[in-house]
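Novice: What follows is the residue order along each chain.
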Amino acid sequence: MAVLRVKFTKDKRDKLAQVLWILNWISVVTGAILFSLGIFLKVEINKRWELMAEKDIQYVPNMLIAVGLLACGINFLGGKICYDCVDTTKFLRWKLIMLPYIICTFFFTFCVLVGALMCYGMQSELEDALTMGLSEAMRFYKDTDTPGRCFLKRSMDMLQIEFKCCGNTGFRDWFQIQWISSRYLDTSQKEVVDRLRSNVEGKYLMDGVPFSCCNSNSPRPCIQWQITNSSAHFNYDYQTEELNLWMKGCRQALLDYYNHIMRSIGLTVLITWLFELSVLTGVRYLQTSLENVLRQGDPNCESDGWLLENSFVETARSNLNIIKNLGKCNQIDTTNNGDPNINIPSTSKADYGPDNVPPKQIPADS
Amino acid sequence: MVVMKMKFPFEKRVKLAQGLWVLSWFAAVAGAITFTLGCILKTELRKRAEVMDNTDVHVVPNTLMLVGLASLGINYFAGKICQDALDAGRFPRWKTFLKPYFATSCFFTVLMLLSVVMSYVMKGSLENSLKIGLRNGIRFYKDTDTPGRCFQKQNIDRLQMDFQCCGNTDHRDWFEVQWISNRYLDFSSKDVKDRIKSNVDGRYLLDGVPFSCCNPSSPRPCIQYQITNNSAHYNYDYQTEELNIYLRGCREALVHYYMGLMNTIGAGVLTGSVLVCLRYLQTAMEAVAGQENTEIETEGYLLEKGVKETIMEYVDPVRMYSHLTRLRP
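Just so you know, the protein sequences line up as chains A and B, in that order.
According to the working numbering, the first sequence holds residues 1 to 366 in order.
According to the working numbering, the second sequence holds residues 1 to 329 in order.
Since the hints were made in silico from the structure, they are not lab data.
The structure displayed is predicted, hence computed values, not measured ones.
There are no misleading hints in this set.
These stretches of chain A come out as covered by chain B in the derived footprint (C-beta under 8 Å, 3 or more residues):
#, region
1, 156-164
2, 173-187
Listed next, the in silico BS3-like pairs over lysine-lysine satisfying Cα-Cα at most 27 Å (straight line):
#, chain 1, residue 1, chain 2, residue 2
3, B, K190, A, K190
4, B, K42, B, K123
5, A, K10, A, K95
6, A, K164, B, K47
7, B, K80, B, K99
8, B, K12, B, K80
Beta carbons are placed, not taken as given, at the ideal position from N, Cα and C, and that holds for glycine.
Start from the sequences, fold in the hints, and give me the full structure.
Specialist: Here it is as structure tokens:
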């Protein structure tokens with residue numbers, strides 16, 4: 001009582017082999033695409049390593065690269081196998097490899113599905129990494145003279161210009177940190193001293209933002225100092241002004257960007273998974289039908305193909321038994337001191353009669 | 001008096017045809033690349049059309065595209081001719097086609113070489129066009145409420161940020177122009193009134209630049225106002241400060257960029273060499289035609305007569321045709 005039994009004529013088998021050959025090559029191409037997408041994602045994440053906190057998100061592009069390479073290899077082998085399967089004599093070459101190959105492909109397909117789910121699951125970790133990373137970057141914006149942080153200002157400025165964003169959640173984040181280095185503050189001026197005294201930590205805080213927050217679409221020259229003070233600038237209202245600075249926060253902008261990439265990659269991985277699944281099913285049918293052809297002896301006859309020979313439960317049970325016995329064949333039997341020749345009752349069918357029968361008297365010849 | 005005669009035994013003819021076939025396919029690819037380069041150059045020139053005064057420089061990408069397409073066609077036919085060249089039965093059908101074919105291919109090769117020369121010659125015209133265009137762009141920077149000039153500010157800002165440049169020749173161009181619109185000037189303030197009175201045209205001039213001139217690589221927050229006033233900023237020297245704003249002018253940056261694009265052209269040489277070899281093959285095959293034994297040695301040459309006579313041979317029919325059309329009333 002096989003699972004999903006299908007009858008295969010010789011023509012149907014040949015067509016199946018050809019279709020599988022094409023599918024395998026398409027899967028090789030999608031594997032290569034996956035590999036390059038993994039590398040692209042790795043490059044994109046590494047480009048902004050300064051703005052991300054130390055979270056382990058490298059596992060997603062690494063997994064994509066590995067899956068892409070494996071897909072290329074497995075499907076290349078599969079293509080070769082399917083190409084040879086049209087000819088029954090060539091199939092004999094691959095007969096022993098096919099079942100392990102199918103099992104490997106099954107586990108690989110499962111890995112691909114896990115990979116696709118990981119792509120969608122990375123979002124929350126990325127958000128955490130970006131939140132922490134961006135707030136650190138903004139805190140060290142002014143430290144252009146500290147080794148290791150010299151280029152943080154430049155990276156932050158280029159990020160805000162490129163992604164058209166300002167600050168972490170919005171431009172007000174800049175009001176809460178000192179982003180002007182003390183090297184450029186004239187501490188002899190009263191105003192500077194007042195600001196430094198106005199908060200507990202002695203930071204020079206102000207309602208101003210760096211120039212990279214300026215919106216190039218604004219009709220007026222950029223207002224980056226005294227932003228909340230409507231009277232400091234002519235014809236300016238802080239509450240209603242929307243075009244002066246970028247309104248979006250950089251965390252949101254970066255998240256949108258990376259989510260867009262991850263969604264496209266996730267879609268590609270799902271499509272790859274579908275191809276792999278169809279290849280797996282097709283190869284399994286091909287293998288079982290060709291084995292049945294060999295069993296019947298006639299290469300042109302009709303044969304059955306199936307996914308599993310018995311039902312799920314029986315197959316699972318027999319596999320478990322095999323695994324159990326694999327463990328047992330190495331164990332020594334300790335009941336007869338290890339010697340298997342002692343005390344084995346005679347079960348031989350040949351019976352030569354009872355032992356105590358006297359010999360027959362032969363009549364003397366007179 | 002034959003020009004550059006060479007002897008061609010049968011094997012040499014075969015080798016010449018095969019090598020030429022491969023070369024013609026490479027040259028076809030080079031033609032496609034030239035066409036693509038022409039398209040890219042045209043797109044890039046159109047992207048920044050707002051800061052260019054005229055479109056004279058567009059003749060370079062237009063010529064490149066034309067030559068690239070022509071090169072594709074010419075080399076495709078060259079490949080076909082080479083394939084048929086070794087078969088003495090199939091070659092004769094190309095006979096009437098070959099003379100005009102050579103004339104057109106010579107014309108297009110010359111045109112391609114011309115376009116390479118033109119890209120260097122056009123540098124001056126491009127620079128002039130950019131000078132006028134950028135000057136207008138900077139003058140109309142503040143006119144974000146005038147229809148037709150609304151996006152001038154955006155374009156100039158993006159240009160300065162993308163190409164890391166400031167102003168026309170350098171940042172001082174911004175000191176001579178009023179780039180802040182009157183809508184945002186408080187005319188009741190003394191400072192504004194003083195500045196407007198300080199020059200003949202009544203413009204609000206200041207020693208400041210827009211934010212797009214700011215250099216992100218600067219270690220300090222950007223100083224965009226009172227640039228020439230050292231005492232207005234702590235620890236600042238206008239003469240020695242190099243990292244604060246971009247020092248390069250946008251005209252220089254754009255000319256540099258476009259010249260770099262145009263200098264990547266050089267595929268004209270390949271097309272030229274294909275033509276020379278093809279001419280040898282054609283003349284060698286002509287001698288074979290009509291012979292019973294196709295494997296004889298023949299002679300090939302570039303020109304049957306001298307250079308002057310060949311030119312007269314081509315020009316005479318054209319002259320006669322124009323003479324005839326002139327005679328008709």
